[in-house]
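There are 2 protein chains.
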Amino acid sequence: MNFCSECGHPVTVKTPPGDHLPRFVCEHCDAIHYRNPRIITGTVPVAPDGRILLCRRNIEPRKNFWTLPAGFMENGETTVQGALRETDEESMVRGENPVLISVISLPAFDQVHMFYRVDMPDFNYGTTAESNAVDLYHLDDIPWPDIAFRTVERTLKHYLELQTQPFYVLNDHIDI
Amino acid sequence: MNFCSECGHPVTVKTPPGDHLPRFVCEHCDAIHYRNPRIITGTVPVAPDGRILLCRRNIEPRKNFWTLPAGFMENGETTVQGALRETDEESMVRGENPVLISVISLPAFDQVHMFYRVDMPDFNYGTTAESNAVDLYHLDDIPWPDIAFRTVERTLKHYLELQTQPFYVLNDHIDI
Ligand SMILES: [Zn+2]
Ligand SMILES: [Zn+2]
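Quick note, the sequences are listed as chains A and B, same order.
Numbers given in our numbering equal positions in the first sequence, counted from 1, plus 19.
Numbers given in our numbering equal positions in the second sequence, counted from 1, plus 19.
Where hints are given, some of them may not hold.
Pairs count within a copy or across copies, as identical chains cannot be separated in the list.
[Said to hold, decoys possible] In silico EDC-like cross-links for lysine to aspartate or glutamate, where the CA-CA straight-line distance does not exceed 20 angstroms:
| id | residue 1 | residue 2 |
| --- | --- | --- |
| 1 | Lys-33 | Glu-93 |
| 2 | Lys-82 | Asp-165 |
| 3 | Lys-176 | Asp-194 |
| 4 | Lys-82 | Asp-38 |
I should point out that these hints are in silico values taken from the structure, not numbers from a laboratory.
On a predicted model such as this, the values are computed, not experimentally measured, just so you know.
When you get a sec, could you build the whole thing from the sequences and use the hints?
Pasting the structure below:
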């Protein structure tokens, strides 16, 4: 950030009175420009036969690696609405009965990733602009070396654990 | 937002190619300025005798109403670190053993509130610049009419329910 988004004057970095961290502040209009982590929200779509849906990324980063449907939560929506929207956009699946199963912080990237288990109402799914392949995988057949992101890998492993353990939400972080 | 924070030129509102929502875009440097929901992270601190800690707000909004320690998650920290930091800042309590118990979206405010149950190691707590009173409450003695925010009320009620129900994370939203 170089300029105040309110008045257009150059910003400076300093700790406002009563605050404990340096911020981008505008000495012209007194605006304080906070920066906060962003939420990635997504799903683990489960087909009627128990297989789970994965998408092969059609865009960088990690193009052609497999991932769960997920993306940035937008203003004006809930975490669940965002997860279902991304699932539709990336796999043409309309997920049902969302249950939160993982919350993973990435402090080095200023992100928090949240995943919901959702039921697929049927076996319908399809490729999209964001996914050049979409397929269902048996739980013992997940292509681990080709999974795009560590938060997706951890969420999938947590989903596997939930098959034999009492329910809990994975709450974890990945440092670097 | 009126000006590009990168180059200082005026921004316009339009939907970038391949996107599905209007954004603030800069036609001078091609920057796209996304806006995303912010996370409020906090705790339900539980004393060794089972009483829970509440803080009386020393600042607007809802000054002098009772709340749980919570605040905006900062870049560079995890949801848990943010919750523990806010708990320390607002009540001088060092929470232990955090367990996520609620995730509540507020789409009208572009916020997501997350609360962790934490153990207090002892009965030490204190007022701070943000809390003009801090006190422990028996579960049947919570001052419901004086609770500051609906997400705090829902989280406290969920915590009460968890005394008699199998564990689950409240995942909810408040529309307006
Ligand atoms: Zn300014
Ligand atoms: Zn610009």
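Hint check:
1. Lys-33 <-> Glu-93: Only across copies: Lys-33 and Glu-93 sit 16 angstroms apart there, 29 angstroms inside one copy, limit 20 angstroms.
2. Lys-82 <-> Asp-165: within (10 angstroms within a copy, 52 angstroms between copies)
3. Lys-176 <-> Asp-194: within (18 angstroms within a copy, 33 angstroms between copies)
4. Lys-82 <-> Asp-38: Close across copies (19 angstroms), not inside one copy (41 angstroms); limit 20 angstroms.
The structure agrees with every numbered hint stated previously.
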